[in-house]
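Those sequence lines, one after another, are chains A and B.
The numbers in our numbering rise by one with no breaks, and the one at position 60 of the first sequence is 484.
The numbers in our numbering rise by one with no breaks, and the one at position 43 of the second sequence is 45.
Derived from the structure by calculation, the hints contain no laboratory data.
Heads up, some of the hints might be wrong.
Partial selection, computed: residues in chain A whose CB lies under 8 angstroms from chain B [said to hold, decoys possible]:
hint, residue
1, Pro469
2, Pro552
3, Leu598
4, Asp601
5, Pro709
6, Gly712
7, Leu715
8, Val717
9, Gly718
10, Lys773
11, Glu777
Each residue gets a CB set at the ideal place from its N, CA and C atoms; glycine is no exception.
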Amino acid sequence: MATLLGVDIVYALPEGYLPLALQPNQDPEKRFGKHKEMRVLNDLPWNIEAQAHLLDDMVTPADKMFVRNNGLIPEKIDPDSWTLTIKGESVSKEKTYSLKTLKSQFPTHTYQLVLECGGNGRSEYYPPAKGNQWTIGAVSCAHWTGIRLRDVLQDVGVNDDAVYIGYYGSDTHLSRDPGKNPISRGIPLSKAMEDQTLLAFAMNGEDIPVAHGHPLRLIASGFPASASGKWIHTLSVRNKVHDGEKMAPPSYSVPCEPVEPGTEVPNEDMCIIEDMPVKSLITYPKSGALLKVGQNLNIRGHAWAGAKRIQSVQYSIDFGATWNACRLQNPVNRFAWQHFEADISFPGKGYYEVWAKATDSDGISQPMLTPGWNPKGYLNNACHRIAIKIS
Amino acid sequence: MQHLPSSLRLLLGAGLLVLVLVGLGVYFQAENNTIPEDGEIIHADAPLQVDGIEAQVENGIHVPTGLIADEGLRLVIAHCTACHSSKLVTQNRADREGWEKMIRWMQRTQNLWDLGEQEAAILDYLSENYAPVQTGRRPPLTDIDWYELKE
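Produce the complete structure using the sequences and hints provided.
Structure follows, in structure tokens:
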């Protein structure tokens, strides 16, 4: 009746539709089995991040893995009828595989691989960038099992002019338009040919959770995780940079030359992000620890640098005036994160912050401030820090 | 009907109009209490009908969406939560130009419809209630939950 009584707009309510405003806020614990302390940034589409202390495990379990979606998670998935088609202008011959064939025809590999959202850290930029305001929790490092993308591409045959591989997945656009992909990104051929670039079908020894891409997911660790497409049904071998939804500027791109904060940058002056920069997290203790005078503090965490290795991790308790070395482990394989730890003693009572700074194998470190501003708020790899009080 | 007195004609006409209005009202009321079936596709191609939000406001916040209660709230819910959650709005901050740019991007690339005369009121609401907050080059640590560390 309100429609007819002095309301400005009159539109027919879609049949059977319950307005989102009236739907109860869904619980990610029930919906995805996520740990109750995971932070929901958005519930349509679903975007959930971890907190630093939740990422303490050496191998990230499913319940603490961040969730990132541009569209709607597919509902009805049948692995038995799932197929992967390789096509495109630079493929020798189009070919379609069943999941069963992929698993049996090609050798299987398992690697521990970092996935990090390009926008991890976005919340700290000023002027603010639009999008999910991730703090530090859009990163994970689980075991991924699958076949090498390279093996499939070599089986299919790729022409000499091939330069890019684009993916297409089964997620649905928010507007429910069946003609629109929420996202269709890709990777350069050189990345596609790496040992650790996988078409994965298992995570931590089990079927990949649906929210994370079951039954088939591309893993291109070291690149923004949007390159690691979920629910893949088609790969396109391109003779140019892939041009799917959200592949190119302004999406997942930064100004080719550094700009002042707040600058409007035309798309042609933006460059697509590939390798992400060095970063680290203190995962123990949780920020906010109260200690007694004389009590030493053991801290630990992880550091990662994509295709590069971590050379060192240091900590500071005086806001960067002095730095001390942490003990650092080697990665279990390329693209895995590396664990660090240290024992810290404090000079006396008071409020302290423990800052961690990782340096990669090229000698490049994390900045202490938010790095170069960019219009979409990507690549904030500034040092992580936790608060401590001694009394 | 011409042979009836004009007052009776008027009454009959009004009665018919009331019946039509009631019928339409019943139709709209009956259709807004079910959740979509599993696998059913609902097309978000128009804003939502939004009623009774005043009752859901507590301490200046519309509780189901988390949106600040201010003039224009109903329009924002109607247009801006048909496809995505209100959380996409409440997470973000921008000046008027910034919010307008987001709307244009959605209209250009994400199937958002023309907001018509409602656009000005929506931009008023967003720029008033979700404007950027200046922080230093590195925001300080906030919302610290202090606890005793046991080793």
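Hint by hint, here is what the structure shows:
{"no.": "1", "hint": "Pro469", "in the structure": "7 angstroms, holds"}
{"no.": "2", "hint": "Pro552", "in the structure": "5 angstroms, holds"}
{"no.": "3", "hint": "Leu598", "in the structure": "4 angstroms, holds"}
{"no.": "4", "hint": "Asp601", "in the structure": "5 angstroms, holds"}
{"no.": "5", "hint": "Pro709", "in the structure": "6 angstroms, holds"}
{"no.": "6", "hint": "Gly712", "in the structure": "5 angstroms, holds"}
{"no.": "7", "hint": "Leu715", "in the structure": "6 angstroms, holds"}
{"no.": "8", "hint": "Val717", "in the structure": "13 angstroms, violated"}
{"no.": "9", "hint": "Gly718", "in the structure": "12 angstroms, violated"}
{"no.": "10", "hint": "Lys773", "in the structure": "15 angstroms, violated"}
{"no.": "11", "hint": "Glu777", "in the structure": "7 angstroms, holds"}
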